[in-house]
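Enquirer: Residues per chain are reported as follows:
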Amino acid sequence: MSVTPDVRIQCEDFDITNEISKLSAGRGDVGAVVTFSGICRDEAGSLSALELEHYPEMAETEIKRIAADAIKRFELSGITVIHRHGKIKPGENIVLVVSASPHRHAAFDGAGFLMDFLKTRAPFWKKEHRLDGSEEKWVDAKDSDDSAIERWE
Amino acid sequence: MSVTPDVRIQCEDFDITNEISKLSAGRGDVGAVVTFSGICRDEAGSLSALELEHYPEMAETEIKRIAADAIKRFELSGITVIHRHGKIKPGENIVLVVSASPHRHAAFDGAGFLMDFLKTRAPFWKKEHRLDGSEEKWVDAKDSDDSAIERWE
Amino acid sequence: MKLVYFAWLRERVGVGEEEVELPATVATVSDLFDWLNSRGENYQEALKHPDVVRVALDQQHEGDRNASIAGAREIALFPPMTGG
Amino acid sequence: MKLVYFAWLRERVGVGEEEVELPATVATVSDLFDWLNSRGENYQEALKHPDVVRVALDQQHEGDRNASIAGAREIALFPPMTGG
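Chains as they are written, first to last, in our numbering: chain A, 426 to 578; chain B, 426 to 578; chain C, 143 to 226; chain D, 143 to 226.
For reference, chain A alone in the conformation it holds in the complex (with noise of 0.2 Å):
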């Protein structure tokens, strides 16, 4: 296969039918596609912004390693991964997969490969901004999302 996963790292938000059309137009092969996007929860309401930051070489590194690996794990016909950086207020995307494939169940678990990788293994690293100015907080790993790898081996 010669696959090659289309990954960008960018502060700009992304339009996300645009990025299926991507990996689905004009091609015979591609009957599914399953995306995912995560976006900046705020159940509290006390929430201004996420700051984002993350290692610019070893971010894109990572992840087109981890997507290639996903294509060649579930013969997907495509894979887009976008990481937004910088400030992301309540409600706005923070990152978006796109995983193509023939059938059903191989564009759900690239996807899904994708995101449980992308949690543990991607350098990005998350901090709270409250509305009311209180002290800015770096968001705690979860031992969940370490545990959802291991579906996987």
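Among the hints, a few may not be true.
Unchecked claim - Below, computed lysine to any residue pairings styled on SDA-like, alpha-carbon distance capped at 25 Å:
1. B:K567 - A:E500
2. B:K447 - A:S471
3. B:K567 - C:P192
4. A:K562 - D:E183
5. B:K512 - C:G158
6. B:K512 - A:D454
7. B:K514 - B:E468
8. A:K447 - B:K512
9. A:K567 - A:R555
10. D:K144 - A:H510
11. A:K514 - B:D440
12. B:K562 - C:G156
13. B:K562 - C:E183
14. B:K562 - C:G158
15. B:K489 - C:A214
16. A:K489 - A:E476
17. A:K512 - B:A450
18. B:K552 - B:E476
19. A:K562 - D:R152
20. B:K514 - A:D454
21. A:K497 - D:Q201
22. A:K567 - D:W150
23. A:K512 - B:N443
24. B:K562 - C:R154
25. D:K144 - D:V157
26. A:K512 - D:G156
27. A:K552 - D:V197
28. D:K190 - A:E500
29. B:K552 - A:H510
30. A:K567 - B:D454
31. B:K567 - C:V194
32. A:K562 - B:E476
33. C:K144 - B:R490
34. A:K514 - D:P222
35. B:K447 - A:K562
36. C:K144 - B:R546
37. B:K497 - B:H530
38. B:K514 - A:G453
39. A:K447 - B:R490
40. D:K144 - A:I434
These are calculated hints, taken from the structure and not from any lab test.
Fit chains B, C and D to the supplied structure of chain A, relying on the hints for placement.
Expert: Just chains B, C and D now, with coordinates in the frame of chain A:
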């Protein structure tokens, strides 16, 4: 939970970005949105169109039932299902599921569950029309679709 | 009682729906199949592989051939579904 | 040799990156931690829970504290990742 699934059976195409935004805009609790798009395949380049016949009253009732079940099982923040009928050309959308949740695994499970049940429980039938005018042919159901349901039991 | 047919079952029967008066002896799904088979070659052709025929009573899946059809207003017969 | 720090490790060390001349005795990741601890309170504060500190050698994850750092041009220290 008083979440009601948004189920539509229609001829018209849909816009995925728009459908995601309907489920997530202005809500602080949605952190993860998974979409599944089923697209009309044509690997051989010989298909003129898929014609989708359906049982209108039952299709809507049945999909609403499956979607309500998904909301309860996975505690979804929302779910949208759009299934098209009529003639659909290669590369065009057939079906869309959008599943929203605070957390990613629930959003993935919601969309995966819905698609597995839709495939074998929603009263739709596909007929292939060929470019060369050869006899139209009803698509056979797949055993793998029947067994895909078992993982949710 | 309304009978509705879909996909190749509809094509083989020759109509999408019909109103029928069922004899009092037709009590179950299985009885309905027998009765339809007695109505002509088109029905026999449609029901020739009865195991693949799916049934819905008033828009609800009914997998049991011995299920009673008493009280049903609409019975649908169709092939395995291929939506999604 | 370039050292880079991210998130709260960067804040505690006080710089995002620095060029250092490592003594010849610093051969492994573990040695690097010891050497950094000897450089001042800010490093001690940054490395005070060494188990949670993640390490990348030339942009590759390195989970083994006994791994050799010989030949590495850039070593990154950071907390567990919280992307996605």
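Enquirer: Please go over all the hints and tell whether each is borne out by the structure.
Expert: Going through the hints against the structure:
1. Using a Cα cut-off of 25 Å, the hinted pair B:K567 and A:E500 holds, with the two alpha carbons roughly 20 Å apart.
2. Restraint check: the Cα-Cα separation between B:K447 and A:S471 comes to about 23 Å, which is no more than 25 Å; the hinted pair holds.
3. Among the hinted pairs, B:K567 with C:P192 is consistent with the structure: their alpha-carbon atoms are about 18 Å apart, no more than 25 Å.
4. Between A:K562 and D:E183 the CA atoms are separated by roughly 22 Å; this keeps the pair inside 25 Å, and the hint holds.
5. A threshold of 25 Å between alpha carbons decides the hint, and for B:K512 with C:G158 the separation of about 19 Å falls inside it, so the pair holds.
6. Straight-line distance between C-alpha atoms of B:K512 and A:D454 comes to about 19 Å, which keeps the hinted pair within the 25 Å bound.
7. Simply put, B:K514 and B:E468 have alpha-carbon atoms about 13 Å apart, close enough for the 25 Å limit, and the pair holds.
8. Annotation: proposed proximity of A:K447 to B:K512 holds, straight-line Cα distance about 23 Å (limit 25 Å).
9. For a cut-off of 25 Å, the pair hint linking A:K567 to A:R555 stands: about 21 Å separates their Cα positions.
10. The suggested pairing of D:K144 with A:H510 holds, with an alpha-carbon distance near 23 Å, which does not exceed 25 Å.
11. Proposed proximity of A:K514 and B:D440 is supported: the alpha carbons are some 24 Å apart, at most 25 Å.
12. About 17 Å separates the Cα atoms of B:K562 and C:G156, which keeps this hinted pair within 25 Å; it holds.
13. Using a Cα cut-off of 25 Å, the hinted pair B:K562 and C:E183 holds, with the two alpha carbons roughly 22 Å apart.
14. For the given pair, B:K562 sits about 18 Å from C:G158 by alpha-carbon distance, which is consistent with the 25 Å threshold.
15. Proximity of B:K489 to C:A214 is assessed by CA-CA distance (about 21 Å); at most 25 Å being required, the pair is judged to hold.
16. A threshold of 25 Å between alpha carbons decides the hint, and for A:K489 with A:E476 the separation of about 23 Å falls inside it, so the pair holds.
17. Proposed proximity of A:K512 and B:A450 is supported: the alpha carbons are some 18 Å apart, at most 25 Å.
18. Taking the CA atoms of B:K552 and B:E476, the gap is about 5 Å. The hint holds against a cut of 25 Å.
19. This hinted pair checks out: A:K562 and D:R152 have alpha carbons roughly 14 Å apart, not beyond 25 Å.
20. For the hint linking B:K514 to A:D454, the alpha-carbon distance of about 13 Å falls within 25 Å, and the restraint holds.
21. For the given pair, A:K497 sits about 22 Å from D:Q201 by alpha-carbon distance, which is consistent with the 25 Å threshold.
22. Under the criterion of a C-alpha separation no larger than 25 Å, the hint pairing A:K567 with D:W150 is consistent with the structure, at around 16 Å.
23. For the suggested pair A:K512 and B:N443, the alpha carbons sit about 23 Å apart, so the restraint of at most 25 Å is met.
24. Between B:K562 and C:R154, the direct Cα distance comes to roughly 13 Å. Compliance with the 25 Å bound is thereby established for this hinted pair.
25. For the hint pairing D:K144 with D:V157, the CA-to-CA distance comes to about 12 Å; that is within 25 Å, so the pair holds.
26. A C-alpha spacing of about 21 Å is found between A:K512 and D:G156, which places the hinted pair at or below 25 Å, so the restraint holds.
27. Restraint check: the Cα-Cα separation between A:K552 and D:V197 comes to about 20 Å, which is no more than 25 Å; the hinted pair holds.
28. In summary, the hint linking D:K190 to A:E500 is not supported, as the alpha carbons are separated by about 44 Å, beyond the 25 Å threshold.
29. As the CA atoms of B:K552 and A:H510 are separated by approximately 46 Å, the hinted pair breaks the 25 Å bound.
30. Distance check on the hinted pair: A:K567 and B:D454 sit about 18 Å apart at the alpha-carbon level, within 25 Å; holds.
31. Distance restraint check for B:K567 and C:V194: the Cα-Cα separation of roughly 12 Å lies within the 25 Å cut-off, and the hinted pair is therefore satisfied.
32. Taken as a hint, the A:K562 and B:E476 pair is broken in the structure, with Cα atoms around 55 Å apart against an allowance of 25 Å.
33. Under the criterion of a C-alpha separation no larger than 25 Å, the hint pairing C:K144 with B:R490 is consistent with the structure, at around 24 Å.
34. Annotation: proposed proximity of A:K514 to D:P222 holds, straight-line Cα distance about 23 Å (limit 25 Å).
35. A threshold of 25 Å between alpha carbons decides the hint, and for B:K447 with A:K562 the separation of about 31 Å lies outside it, so the pair is violated.
36. Of the pairs offered as hints, the one joining C:K144 and B:R546 holds, with about 22 Å between alpha carbons and a cut-off of 25 Å not exceeded.
37. Using a Cα cut-off of 25 Å, the hinted pair B:K497 and B:H530 holds, with the two alpha carbons roughly 15 Å apart.
38. With a CA separation close to 11 Å, the supplied pair B:K514 and A:G453 stays within the 25 Å bound.
39. For the hint linking A:K447 to B:R490, the alpha-carbon distance of about 34 Å lies beyond 25 Å, and the restraint is violated.
40. The suggested pairing of D:K144 with A:I434 holds, with an alpha-carbon distance near 23 Å, which does not exceed 25 Å.
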